[in-house]
Amino acid sequence: MTETPTRDSASDAAITDFGIDTTSRSTTEAIGDYFRRLRGGELGAVPALLGLLVLVLVFTGLSDSFLTLNNIANLFAQGGGQTIIAMGIVPVLLLGEIDLSAGTASGVCASVLALHFTQHGNLLGAMGPTLFYGFVIGALVAIALCVVMRIWIGAGMAAVAALIFLLGISPNPWVEMVLAVCVGAVIGALTGALVSKIGIPAFVVTLALFIAWYGVVLALVGEGGTIPIRDSDVLFDVANGNLNVLGSWILFVLAGGGYAAVVLFRHFSRLRHGLVAQPTTLIAIKAAAVLVLGAVATYLLTLNRSPNPALTTIEGVPYVVPIILVLLVAGTFVLDRTRYGRHVYAVGGNKEAARRAGVKVDKIRMSVFVICSSVAAIGAIVYSSKVGSVDGNAGGGNTLLFAVGAAVIGGTSLFGGRGRIRDAVIGGLVLATVQNGLGLLGYQADTVNIITGLVLLIAATVDALSRKRAAAR
Amino acid sequence: MNEPILELRGVNKSFGPVHVLHDVDLSVRPGEVTALVGDNGAGKSTLVKCIAGIHGADSGEILFEGKPVHIHNPRDAAALGIEVVYQDLALADNLDIVQNMFLGREKTSTGLLDEASMELAARKTLASLSVRTVKSVRTPVSALSGGQRQTVAIAKAVLWNSKVVLLDEPTAALGVAQTRQVLDLVRRLAEQGLGVVLISHNMNDVFEVADRIAVLYLGRLAADVGAKDVTNNQVVELITAGRSGDLGLARPEVAAV
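Keeping their order, the protein sequence lines are chains S and X.
Mapping the first sequence onto the numbering used here, position 235 (from 1) lands on 235, and the numbers just tick up by one.
Mapping the second sequence onto the numbering used here, position 96 (from 1) lands on 96, and the numbers just tick up by one.
If you are wondering where the hints come from, they were derived from the structure by calculation, not from laboratory data.
Where hints are given, some of them may not hold.
Straight line, CA to CA, 25 Å or less: simulated DSS-like cross-link-like pairs of lysine-lysine [to be verified]:
1. S/K360 with X/K49
2. S/K351 with S/K468
3. X/K107 with S/K360
The shape of chain X in the complex, shown without the other chains (with noise of 0.2 Å):
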């Protein structure tokens, strides 16, 4: 098994006296899907926010490529190539493509815009995804369907030489179609190396492209197991009770404190 890439030890974060993550150990490791699942209020967003530098921990360690990390921002992660792709996009609806994944980190020759080279290095990205269902990369960002848009956002993600990509429920709003879409994009981000932690309430998808599963209950992480190991019923299990036979937290009472 390879090394992971990040690593949370001991995590514990509290907003007052809500106590919302517990001791939480995670491990994403490259090339490799993590599904992060729970319960409404499990804590995975704050867990994602945590990781992205938005929150910042009120105890334990972070690892990155095996060595303790510190981040305080969001420009924290995104130097260590951690990178999120947020369940609203943020996308600006009147740039185009390009002009969205290059937002805030434009290149630029002497001063100005360097367009051709954005322009080229969006479509070497979008390419390399085998994103097909674009027809221009100068198309706003208004004429995209939900899914192309979840497409920008992800490749976006990628543009950056990220070594991990938090995904926070990237199929919430989409089709059919558009769904199965996304979901190839992100098992072609682990093919490529990446660590990639998927957050999302549906079963079907987590079992069809994650490796493993994480399962959060009431902050706590409840299991951490290959995703050919359990069954659906067990994963519904741990996110509602926490455990599910031998598997989970050990005594249902402490986890209820």
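Bound conformation, chain S alone (with noise of 0.2 Å):
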């Protein structure tokens, strides 16, 4: 950044100062800005993007089957777990910590929800009085300790998990997710407390419990076994089902039209008060893409994509889409528009001055392993029902890694204060597409992690390199 000179007119403090700042762009100039930052290293969700591009191009050249309907939609099925992990973890990389428990933690949710679907809601008679009371007395700490550190939302949170594992609740799919999802809140508080008020470094106090959950997992499922949970069809569609045609639509009106509205909304609030704003033409012109692509994408997917049209239908935006879309704007809102998603900024870019603003670094600390768990909860019943059961490696071996590694090709940095939730989703979608255009390509698990690590090397050489570029100015 250049420093303006100085101007000599001394007495026109007035407003006009930030004369550049008042006025709305043309668009030329706008666009031409948007160059200069990406040369000057901000270069956000570009490179991801780019090369999502390029990898659908490669796909669609080698393989006939990858650009088809059927496998697109099949794709963000198979992305969704991790993806959603990912989403996850992006605020707790925000402070420049990790989470390296999520994986294991959310095969813990996914293994409760499992067993008290299958048993009847009999979690005692299931798990064995040890773990059951085990849970119970974790739930009633998380609580405890979520109200020291008035953190609302988990406290209320965890006491729902212990309600559901003490009164028996009789199974029923909507109260397993949500089980699961509360059992994600009682882990993440713990985790949390443990970083931020005793001190540990969260590397070591998720990596402890990355394999104590793994062995909880193993306990819970049986060395070798599988819980299968497809008998519901609640369970299974959320990663196998369809919204119908009708409800496509209408989630395409409420997605789309909702974001050219609050697009919109912003940008004239910004005129009205005299704000520096982009040109109308380019909001209108980004707000009207979006609506187009948006449009196409539900078109396409709600076409009959089934391999054999005559004897069955499938159509309709899966599921998994809503759930991501729901956790994005979500995720996506509480960072940008509430005080809370400010400080988690500010603690991750500079822990001492948040303090010293009056932030409370420690609430803020712990409040990010309850989201993150939560949300890996969540990831959870996308994968499981993908797959339509539970087995002893649920949450195991690289999904945690893989859900990392999605947030950093999308953008967030490991050293905290930038990245955003859409990081993990465009980084998922790229990770989701390598592995899958690479079985189509009928290649096997040896050259598919061979080529996701790479593509995880060349998001991070980016990174650095556009890092290094920024501070050289």
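Build the complex: two chains, separate frames, hints provided.
Below, the structure is given as structure tokens:
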């Protein structure tokens, strides 16, 4: 950033001092400005989107079945679970912390869900007294911790988990999903308290918990065991079902219309206050582009994409899409438009500055872990639904690392302070595309993992180089 | 002479056996820049921290606008209208100027951040300080120069209608032109009727902007004099020896306790 030379007219200490700030710019200026920022190293989501485009083109060229409606819809469901876990981990990464346990913690949530569902709500019988009372005590401790730290939502969710455990509510797919998310909140509260109140580095806490939760999953489902959940249409449909055609269009109207309304409302509100704003044409073009793309995507997904159109009909937007959209909108809203979100960024940027400014740093640090594990539980519901069962490997293996990878590929920094929820979605899409495309080409796990690793490495390189460039100015 | 806005009377502070501040009296008047000078370890930072509420004073009185007050924590100080600009600035690099200026005290409407009114208020404050070096109030702090950052930190203190601003070595890490900007800004704060306390090691800076100079020597106030009444050499002697001719502590051996 170059300093503008000090102007001599000292008396006009008016708002014109920020002349550039007040007037709205022309479209060409705005676009030029955007490219200047890109060159300056503020890449944002551009590299990931370009990478995604390249991947799609390559796979389309190599495989006939890649760019088919059926495969694209399938790709959403395949990548849904890890993408949602990645969305949950973004706030943790924003603080410069890490949650290695989010994967296996989500496995615990999925196992509890599956046990409660298959054992008719009798968790005491299903888990055995040791684990059962361990969970109950954990939930009570989590409630206490959340109350002390004034994280009311976390306390409420932990209380719901404790109630479902103790009351033995009869199985119901919706109750199961609530239970899973609330167990996630309990786990997150415990993790967060260890990090923020006791002061153990997050890496160590979550490494230990990663191992411990893996053991809990094994204890819950049994060594080599599998708990099927496909008996419930609701649970199975989360990742495998689709909105009907009408529902798909309603989703489009809500999401697309909502997006356009919010963007335009904010734009005109800024203009009304005399603040600098993007040119109206540019905003309109942006909103229109999103609407058109959304309409095209919705239309394509409402076509019958069954491989055997004569026998079955598969049409509509997969449920995974609205689930991710809701999380994306809610997460972006909280991070961008609330004091809480602002404080998350502030703590990630400069913890000491935030503390001196009166931000309750401990509370923020604990709360992001609650968010992470709760959202990871939603991811667990999706990936369990996709395979129709929960086994001893639920959330284990590479789940967490892929989630972190997705966030990083999308542009979230591991050093804190930089990142958005949408990064996780874009990065998750990149990873899902790699996995899906290579699978279609007949490559086995070896190649898929090597390529996935290289993609992550490229993303990290682009990030590091762009940061260097930004710092060098 | 106008009434002091902030007055310290007989303030003592010890850390265990170390007696850091001995019966310090200090007056800060609105519209004046009071330079607080002294060698390393003289107690300048401790004194500032006592005023800012980070340390409590062991004994002595603090009067604000003529009334005795008790400052137990930084929030008490902020509530009175005392703001401190720390040496290490305390800005979050990843946030922009507006976000930093309102950090911890964000304006909200119906629970949501009120970006428009925060941006307007930030711009108004910067404009009132005649800050012209910042192109846009939406520039992230990471893209600002050292002087611009200092400007933002000072403007943040002004934004809250504070009455007393304490600046801890604001020019320590700055180049010539940037020091110029910051000193101009310090002067403008005083012209707006604020009481300004400037801690500095740089005698040129002190003589350029200060109306009064308070010298701390081993935890005692060696002198509190008008800047016009002393020379550079006298101040240096006060800092290093605690006395200079008729000025300063009467008996050096007492001061050396």
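Going through the hints against the structure:
1. S/K360 with X/K49: holds, 21 Å
2. S/K351 with S/K468: Within the cut-off at roughly 23 Å; holds.
3. X/K107 with S/K360: Given that 25 Å is the threshold and the Cα spacing comes to 17 Å, the pair holds.
This entry satisfies every hint, going by the numbered hints stated previously.
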